[in-house]
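Q: In order, the protein sequences belong to chains A and B.
For the first sequence, the residue numbers in my numbering are 1 to 297.
For the second sequence, the residue numbers in my numbering are 298 to 570.
The set of hints was computed from the structure by calculation and includes no laboratory data.
Don't be surprised by glycine CBs; every beta carbon is placed ideally from N, CA and C.
All clues stand as given, with none of them false.
For the chain B half of the interface with chain A, some residues (derived, Cβ under 7 Å), not all of them:
{"no.": "1", "residue": "307"}
{"no.": "2", "residue": "315"}
{"no.": "3", "residue": "382"}
{"no.": "4", "residue": "383"}
Each chain is listed here by its residues.
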Amino acid sequence: MQSLTLSQVTKAFGAVKALAEVSFTVAPGERVALLGHNGAGKSTLMKIVLGLLEADSGAITVLGAAPGSNRARTGTAYLPENVAFHPSLTGLEQIRYYLRLRGESPAEAIDLLERVGLKDATKRRIGTYSKGMRQRVGLAQALIGTPRLLVLDEPTSGLDPVSRRGFYAILEGLAAEGVAILLSSHALTEVEAKTDRIVILRDGRLVADDTLAALRRKAALPIRLQVAARPGSADEVANKLAGGRRNGVVVDLLCRHDDKLARLGDIAALGPMIEDVEILPPSLEDIYSHFSQRPMP
Amino acid sequence: MSRILAAATAEFRIALRNRWVTIAVLMMALFSLVLAAAGSAPTGDVGVDRLSVTVASLTSLAVYLVPLLALLMSFDAIAGEVERGTLPLVLTYPVSRAELLLGKFTAHLGILALAVIIGYGLAAAAAIATDPRAAAGIPALVRLVWTSLLLGATFIAIGYAISALARRPGAAAGLAILLWLVMIVLYDLGLLAAVVADGGGSFTTDIFPWLLLANPADAFRLFNLAASEATAAAAGIGGAAGTIPAAHSLASIALWPFAALALAITAFHRVTP
Numbered sequence: 001m002q003s004l005t006l007s008q009v010t011k012a013f014g015a016v017k018a019l020a021e022v023s024f025t026v027a028p029g030e031r032v033a034l035l036g037h038n039g040a041g042k043s044t045l046m047k048i049v050l051g052l053l054e055a056d057s058g059a060i061t062v063l064g065a066a067p068g069s070n071r072a073r074t075g076t077a078y079l080p081e082n083v084a085f086h087p088s089l090t091g092l093e094q095i096r097y098y099l100r101l102r103g104e105s106p107a108e109a110i111d112l113l114e115r116v117g118l119k120d121a122t123k124r125r126i127g128t129y130s131k132g133m134r135q136r137v138g139l140a141q142a143l144i145g146t147p148r149l150l151v152l153d154e155p156t157s158g159l160d161p162v163s164r165r166g167f168y169a170i171l172e173g174l175a176a177e178g179v180a181i182l183l184s185s186h187a188l189t190e191v192e193a194k195t196d197r198i199v200i201l202r203d204g205r206l207v208a209d210d211t212l213a214a215l216r217r218k219a220a221l222p223i224r225l226q227v228a229a230r231p232g233s234a235d236e237v238a239n240k241l242a243g244g245r246r247n248g249v250v251v252d253l254l255c256r257h258d259d260k261l262a263r264l265g266d267i268a269a270l271g272p273m274i275e276d277v278e279i280l281p282p283s284l285e286d287i288y289s290h291f292s293q294r295p296m297p
Numbered sequence: 298m299s300r301i302l303a304a305a306t307a308e309f310r311i312a313l314r315n316r317w318v319t320i321a322v323l324m325m326a327l328f329s330l331v332l333a334a335a336g337s338a339p340t341g342d343v344g345v346d347r348l349s350v351t352v353a354s355l356t357s358l359a360v361y362l363v364p365l366l367a368l369l370m371s372f373d374a375i376a377g378e379v380e381r382g383t384l385p386l387v388l389t390y391p392v393s394r395a396e397l398l399l400g401k402f403t404a405h406l407g408i409l410a411l412a413v414i415i416g417y418g419l420a421a422a423a424a425i426a427t428d429p430r431a432a433a434g435i436p437a438l439v440r441l442v443w444t445s446l447l448l449g450a451t452f453i454a455i456g457y458a459i460s461a462l463a464r465r466p467g468a469a470a471g472l473a474i475l476l477w478l479v480m481i482v483l484y485d486l487g488l489l490a491a492v493v494a495d496g497g498g499s500f501t502t503d504i505f506p507w508l509l510l511a512n513p514a515d516a517f518r519l520f521n522l523a524a525s526e527a528t529a530a531a532a533g534i535g536g537a538a539g540t541i542p543a544a545h546s547l548a549s550i551a552l553w554p555f556a557a558l559a560l561a562i563t564a565f566h567r568v569t570p
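Next up, chain B with everything else stripped away, as it sits in the complex:
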């Protein structure tokens, strides 16, 4: 445990020096504030408090931004050490590869938590300041925070796996962007196209829900929208949220980080320094 903490401290310090902490926090804060400003127009009589509306918008934002931030922080973790030549020495220390990786993971997840809490916090503060009923949306906000961290944890670990498999930072960066594009953007487009082509057949009813659950980003969106009263504000895939039990999507987002970490540790073990 103390070795994991030692690795985490060093990694956090490096991220701080490399401005990664600042960049992550600024990115989340900027996007959250823009969303809050866009959502501050009078909502009329939707019957929903402003914070719940903000949380719904933040959910759509988080699906894109949280995996991106996570991958940006993690793609260099192993490939960078291989390239700098720092890996052989640390691997001769009495510390396991899993411990080293968990140390990095702790630091990166901590940075993501900082960015998420500050970013969402700013948007929430703006909502609460302008709507006295906003307190009703706080449970949804809390849920969004911890599910965002689970989503981030998944992509941080996937980033490590990519980093270990690619061995070179350049290749790892390319793979990370490709993975983000496929899992976050193209996956949904592909599913939508399949659903349209299927025209309500067995694919739509039997296979489609499982494919949604298999993607951690979709599971994240489903869970937050299904649990939120602001489902009305959601569009696209969110419409499917009604048919999939929240327990299923929760299981997906809760299991993914462990699966991804196991994958990352396995990939790291295959790296010969």
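Chain A on its own, in the form it takes in the complex:
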């Protein structure tokens, strides 16, 4: 059984369509990244999954139950975007409160805070915490009990690179235990190699739902060859290769994956006029832009 199933989910706020017929699933132990620009519908989708908002149409199943039902809420943990807590409580008090709300022992609070690297600040008020520290409190509360579905809205915003790595290590451990994870992000580079599948939303529509390798194939973006010519011969090189000049010495070429070797042969044939060749495969940002910005089908 899937941990999360969305089928034809649609939601509008007045005249603005936030989500249009979005369908995808998350299986137990699977980490799915939800990508899209600001306003693409990521947070709305998450709030619908959590039962905070109601979809206009479509069907959603969360752990076999309706979103927002007691069963769904018991098995689901959420980390909101820019998570906030009451500034007057300490990190320890806040986590103890959340533990009690979930019917768990408040004694586990220290362990949870240690797990997210907040051991030294447990007795300080959250009002004095940095954004990254608040984010860790948010992560700690999401780890309470044994959630079977984690919904994380831009979980790593405000975390430094080292903390990010620690955060993804925790997620990997949870996924290995069979926890389904849906997390949103702004950037493909961020979730590369840390998620199993990528779902991209564009203006509320689902435009991609696949592994990164498959997305790379589907996008079929050209490879960029940067040819550095020897001083004085850049014009001739650009002419012979039919490429564009970038600055004094660099000539830019674009080619499809299949043409790569032939183009390299052309370049090698110019011999002494060439100083160096750089092969740049399409970057993750290119792939992301390809999907998130392509015109509506």
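Put chain B on the given structure of chain A with help from the hints.
A: Chain B only, in chain A's frame:
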């Protein structure tokens, strides 16, 4: 139940940190002591013990102060969470909105109880210390304490309803003050004006008593003054107390907290995080 207690503990801790507990207790203590001092002048041969006189004065004080304190504590309860952005997360927990609200309610009512008991207690201690017959007034004092808590409970819950409807703390604060002014001050003035204009007609005899009972603050005053032997010390609306059975005013102050809580929970359910 454990979830309600968890919410209550967190809320009480927040109130403690925000000095709300201190402010509430100090306010009640200060006003009670001033009343006790003012009432300590020789009362002559009224035939009433000093504690009963103090209770009568405290009743007039409580009508203003208890609703004010209750509203001050509660207006931020939901609007504040909306503004801080803490509401969406807690609503994804396996806890109902009613449970969350009852948790806050328990904490706020507890703080009010603390303030009321300390405040009245100080005034009572002053009365008992200076008048050996004061023990006769203790039942009236006890009655004042629990009716004050019912009155406070009503206004705490009304404060939540305002907080949920307003969504923003600033607007909620304004609405709370407005409601206090209308229900505690203007309501009585309006009724008095109507009674005077009516000149003893059917409004005064048929409608006026029910309008008094409809306002929890008036019902509170009626019940305490009617039940007290110190009715003589009361003025204004209190004069009407004689014509309305205590059971009616008691029913009003006992039912209001439930009605207000139901209203608050309904309003909270309409909040989209």
